[in-house]
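Peer 1: Listed below, chain by chain, are the residues.
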Amino acid sequence: MDIVSDIAVIRPELFVAIAGMVMLMFGAFRGESSTKFIYWLGVGVLVVAGVLVLAGPTGTSLAFNAQFVVDDFAVFVKVLLLIGAALALILAMPFNLREGIDQFEFPILIIFAVLGMMMMVSANDLMSLYLGIELQSLSLYVVAAIRRDTLRSSEAGLKYFVLGALSSGILLYGMSLVYGFAGTTNFEGLATLFAADSEASIGVVVGLVFIAAGLAFKVSAVPFHMWTPDVYEGAPTPVTAFFAVAPKIAAMALFVRVMLEPFGALVLEWQQVIWFISLASMLLGSFAAIVQTNIKRLMAYSSIGHMGFVLVGLAAGSEEGVTGILVYLTIYLFMNIGTFACILAMRRGGRMVEDIDSLAGLSKTNPMLAGALALFMFSMAGIPPLGGFFAKLFVFRAAINAELYVLAVVGLLTSVVGAFYYLRIIKVMYFDEAAEPFDKGLGREITVLVTVTVIVTTFFFIGLAPVLSGAEAAAAVLFAV
Amino acid sequence: MIIQALAFYLFAAVAVASGVMVISARNPVHSVLFLILAFFNSAGLFILIGAEFLAMILVVVYVGAVAVLFLFVVMMLDINFAEMREGFLQYLPIGALIGIILAAELILVFGSWVVSPEAAQVLTAPALPAGDLTNTHALGNIIYTEYIYLFQSAGLVLLVAMIGAIVLTLRHRPDVRRQKISDQVERKREDVIEIRDIPTGSGV
Numbered sequence: 001m002d003i004v005s006d007i008a009v010i011r012p013e014l015f016v017a018i019a020g021m022v023m024l025m026f027g028a029f030r031g032e033s034s035t036k037f038i039y040w041l042g043v044g045v046l047v048v049a050g051v052l053v054l055a056g057p058t059g060t061s062l063a064f065n066a067q068f069v070v071d072d073f074a075v076f077v078k079v080l081l082l083i084g085a086a087l088a089l090i091l092a093m094p095f096n097l098r099e100g101i102d103q104f105e106f107p108i109l110i111i112f113a114v115l116g117m118m119m120m121v122s123a124n125d126l127m128s129l130y131l132g133i134e135l136q137s138l139s140l141y142v143v144a145a146i147r148r149d150t151l152r153s154s155e156a157g158l159k160y161f162v163l164g165a166l167s168s169g170i171l172l173y174g175m176s177l178v179y180g181f182a183g184t185t186n187f188e189g190l191a192t193l194f195a196a197d198s199e200a201s202i203g204v205v206v207g208l209v210f211i212a213a214g215l216a217f218k219v220s221a222v223p224f225h226m227w228t229p230d231v232y233e234g235a236p237t238p239v240t241a242f243f244a245v246a247p248k249i250a251a252m253a254l255f256v257r258v259m260l261e262p263f264g265a266l267v268l269e270w271q272q273v274i275w276f277i278s279l280a281s282m283l284l285g286s287f288a289a290i291v292q293t294n295i296k297r298l299m300a301y302s303s304i305g306h307m308g309f310v311l312v313g314l315a316a317g318s319e320e321g322v323t324g325i326l327v328y329l330t331i332y333l334f335m336n337i338g339t340f341a342c343i344l345a346m347r348r349g350g351r352m353v354e355d356i357d358s359l360a361g362l363s364k365t366n367p368m369l370a371g372a373l374a375l376f377m378f379s380m381a382g383i384p385p386l387g388g389f390f391a392k393l394f395v396f397r398a399a400i401n402a403e404l405y406v407l408a409v410v411g412l413l414t415s416v417v418g419a420f421y422y423l424r425i426i427k428v429m430y431f432d433e434a435a436e437p438f439d440k441g442l443g444r445e446i447t448v449l450v451t452v453t454v455i456v457t458t459f460f461f462i463g464l465a466p467v468l469s470g471a472e473a474a475a476a477v478l479f480a481v
Numbered sequence: 001m002i003i004q005a006l007a008f009y010l011f012a013a014v015a016v017a018s019g020v021m022v023i024s025a026r027n028p029v030h031s032v033l034f035l036i037l038a039f040f041n042s043a044g045l046f047i048l049i050g051a052e053f054l055a056m057i058l059v060v061v062y063v064g065a066v067a068v069l070f071l072f073v074v075m076m077l078d079i080n081f082a083e084m085r086e087g088f089l090q091y092l093p094i095g096a097l098i099g100i101i102l103a104a105e106l107i108l109v110f111g112s113w114v115v116s117p118e119a120a121q122v123l124t125a126p127a128l129p130a131g132d133l134t135n136t137h138a139l140g141n142i143i144y145t146e147y148i149y150l151f152q153s154a155g156l157v158l159l160v161a162m163i164g165a166i167v168l169t170l171r172h173r174p175d176v177r178r179q180k181i182s183d184q185v186e187r188k189r190e191d192v193i194e195i196r197d198i199p200t201g202s203g204v
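Those protein sequence lines, which keep their order, are chains A and B.
Heads up, the first sequence is in this note's numbering, so the first residue is 1 and it goes up one at a time.
Heads up, the second sequence is in this note's numbering, so the first residue is 1 and it goes up one at a time.
Derived by calculation from the structure, the hints in this document are not laboratory data.
Keep in mind the model is a prediction, meaning the values are calculated, not measured.
Among the hints, erroneous ones may be present.
[Said to hold, decoys possible] Covered stretches of chain B (chain A as the covering partner; in silico rule of three or more C-beta atoms under 8 Å from a C-beta of chain A):
1) 109-116
2) 195-202
[Said to hold, decoys possible] Partial pick of chain B residues on the chain A-facing surface, computed with a CB cut under 7 Å:
3) Ala119
4) Ile142
5) Glu146
6) Tyr149
7) Leu150
8) Ser153
9) Leu156
10) Val157
11) Leu168
[Claimed, not checked] If you want the ones that stay clear, here's a sample from chain A, every Cβ over 12 Å from chain B, calculated:
12) Gly31
13) Phe68
14) Arg148
15) Ser201
16) Gly371
17) Phe389
18) Val416
19) Gly463
Even for Gly, the Cβ is constructed at its ideal location relative to N, Cα and C.
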């Protein structure tokens with residue numbers, strides 16, 4: 001186990017870390033005038049990191065005393081979250097420069113958050129898991145409060161920080177209980193110990209529940225969702241777009257790995273916990289969203305509901321379920337980026353508007369934007385042949401095969417409820433009296449992003465086969481032992 | 001042995017008593033001072049079980065940095081503690097209930113505590129260092145070798161914390177006149193002083 005082979009495994013992370021520090025130096029010496037350049041540099045770094053991830057070693061390789069693992073699962077998720085982060089960064093640039101969020105640290109913090117996420121996805125030890133989560137969360141707290149002169153943004157940052165610190169504490173407490181039982185924090189070590197014991201001791205079960213609670217906070221699953229609507233509403237819109245995508249993907253991948261790898265033998269202990277939070281998230285996500293008038297809050301509840309659907313796949317605890325999760329996350333990424341790009345186009349008289357009512361009559365004033373947003377809403381509701389349909393199809397099929405009929409039935413029913421509020425937006429856009437038109441000139445970046453995500457969401461079924469085979473290969477790794 | 005037992009009971013009793021005083025002292029500054037006393041006694045307990053590194057770290061980090069920071073905050077912020085205490089009795093029942101539930105759970109967990117019988121096979125590093133290595137030496141042996149990844153990651157977390165603190169608090173004020181020492185040093189006599197001959201009685 002020499003350092004050279006370790007570095008070959010960790011190359012993408014190392015590149016991102018060093019690039020982040022170089023960008024920091026660049027920004028510190030060149031000042032605010034280089035902000036735009038640093039944004040593009042950040043996008044470039046994420047692209048190169050994606051190439052490095054794909055060019056990395058194939059198969060499963062461990063590094064640093066098995067604290068770090070690269071396997072097909074990690075590669076799949078890392079590519080997803082790098083795409084998500086790069087798109088969110090492109091989305092953020094015109095908005096931030098226009099709204100006076102001109103700190104050059106913004107893209108750098110995003111880069112470090114992405115680094116933390118990559119470490120989370122590749123964690124093979126409770127300690128590296130925790131450090132990855134902290135690196136990610138700390139960057140996100142700062143990014144949420146980046147608009148420090150507005151009350152709402154500061155409030156969002158502070159709320160996120162306090163609740164995030166609490167959840168980290170819960171997570172650490174759970175880890176310490178597990179460590180106290182096992183004497184190791186390594187995932188393989190834990191897996192062998194739990195496979196050897198016929199019955200889980202109560203201390204381990206309590207620790208496991210605490211770890212699950214800490215991770216459920218990070219994916220904002222009910223009952224640990226309280227921070228989500230406030231933070232989504234208060235943070236600047238591109239930051240919300242980023243929050244809705246990359247951290248969710250990373251945290252969900254981590255959740256899957258932790259539950260299936262070290263605690264895979266204790267599936268009966270955690271299945272009921274996941275079952276409950278999945279059910280509660282689906283119900284709350286659909287019913288609480290009905291009364292929302294602010295589109296960002298609506299998206300927050302929508303993402304809680306989506307996480308509930310994703311957790312159905314985890315509750316199944318099968319290879320099929322994990323495949324469904326990965327397909328779901330892929331589609332979720334593009335749908336969300338597209339929707340937030342549309343939300344960013346909601347400007348009137350140079351100011352952002354966030355009321356759903358202000359979308360009234362958009363089909364007459366801006367038919368292209370209305371069409372794109374309608375398409376994303378149909379996809380979120382899960383109408384075939386759009387992407388969102390396949391996402392739900394795979395997780396529900398896994399649930400049926402795992403005989404979780406209650407989850408599948410509730411999932412379908414809450415999808416119907418969800419369809420109500422997604423379709424309400426379409427109704428407002430197409431059938432309500434036209435309001436004042438939005439400002440013209442969306443900007444090149446938003447136009448391109450909306451076009452790309454519309455194409456991906458609409459024609460997802462063409463690219464389904466390669467995504468599915470990639471997801472199957474990634475899911476198989478977790479069940480290989 | 002008897003001295004060790006006496007020391008244990010002394011440290012433990014003082015730690016618990018000062019813990020109670022932290023939450024019951026009227027003056028918040030006294031609370032922080034009792035907190036420091038609790039830290040010192042916990043450090044003593046650590047020394048008794050042979051964890052001298054942890055004991056020193058506790059004193060250096062918690063007493064030296066955290067508690068002093070607390071003191072600063074308590075003294076500098078104008079918080080009306082009497083007002084904050086107003087709801088105390090109102091919340092007492094539910095607080096006590098949660099406390100009792102938590103205590104019962106803890107007793108339940110630790111009462112049935114077992115260490116996995118196979119734990120010894122998967123240990124990463126020996127719990128007790130071989131020979132007469134000190135804690136510090138044993139930690140130093142692994143933290144820069146086996147745990148280099150975690151060590152460097154922790155460094156990155158601190159870097160992000162630093163960036164965050166600067167981003168959220170640093171303000172550039174253009175209207176403030178700053179001292180530029182290099183300009184002051186470079187200033188020459190010829191640049192600023194002009195000598196003129198003024199005829200007597202005519203003025204400048």
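Peer 1: Each hint: holds or not?
Peer 2: Quick rundown of the hints versus the structure:
For the stretch 109-116 of chain B, the proposed coverage by chain A is satisfied: 7 residues have a C-beta within less than 8 Å of a C-beta in that chain, meeting the threshold of three. Closer than 8 Å: that is the beta-carbon criterion, and the stretch 195-202 of chain B has 0 residues meeting it against chain A, so the requirement of 3 is violated. Among the interface hints, the one on alanine 119/B holds; its C-beta lies about 4 Å from the nearest C-beta in chain A, closer than the 7 Å criterion. The interface hint given for isoleucine 142/B is broken, as the beta carbon of that residue sits about 9 Å from the closest beta carbon of chain A, more than 7 Å.
The restraint placing glutamate 146/B at the interface with chain A holds, with a minimum CB-CB distance near 5 Å, inside the 7 Å limit. The restraint placing tyrosine 149/B at the interface with chain A holds, with a minimum CB-CB distance near 4 Å, inside the 7 Å limit. Using the Cβ-Cβ criterion of 7 Å, the hint placing leucine 150/B at the interface with chain A is satisfied: the shortest such distance is roughly 5 Å. With its C-beta approaching chain A no nearer than about 4 Å, serine 153/B sits inside the 7 Å limit, and its interface hint holds.
Hint status for leucine 156/B: holds, given a least beta-carbon distance of 6 Å to chain A, under 7 Å. Among the interface hints, the one on valine 157/B holds; its C-beta lies about 5 Å from the nearest C-beta in chain A, closer than the 7 Å criterion. Of the supplied interface hints, the one on leucine 168/B holds, with its beta-carbon coming within about 5 Å of a beta-carbon of chain A, less than 7 Å. Residue-level check failed: glycine 31/A sits 10 Å from the nearest beta carbon of chain B, not beyond 12 Å.
Annotated as non-interface, phenylalanine 68/A brings its C-beta within 12 Å of a C-beta of chain B; the closest such distance is 6 Å. Consistency note on arginine 148/A: stated as away from chain B, yet its beta-carbon is not over 12 Å from all of that chain's, at 5 Å minimum. At roughly 5 Å, the least C-beta separation between serine 201/A and chain B is not larger than 12 Å, which violates its mark as non-interface. For glycine 371/A, the requirement that its beta carbon stay farther than 12 Å from each beta carbon of chain B is met, with the minimum near 38 Å.
No beta-carbon of chain B comes within 12 Å of the beta-carbon of phenylalanine 389/A; the shortest separation is about 39 Å. No beta-carbon of chain B is positioned within 12 Å of the beta-carbon of valine 416/A; the least distance is around 38 Å. Under the 12 Å C-beta cut-off, the non-interface status given to glycine 463/A relative to chain B holds; the minimum distance is some 35 Å.
In the structure shown, a violation is registered for the earlier hints numbered 2, 4, 12, 13, 14, 15, in ascending order.
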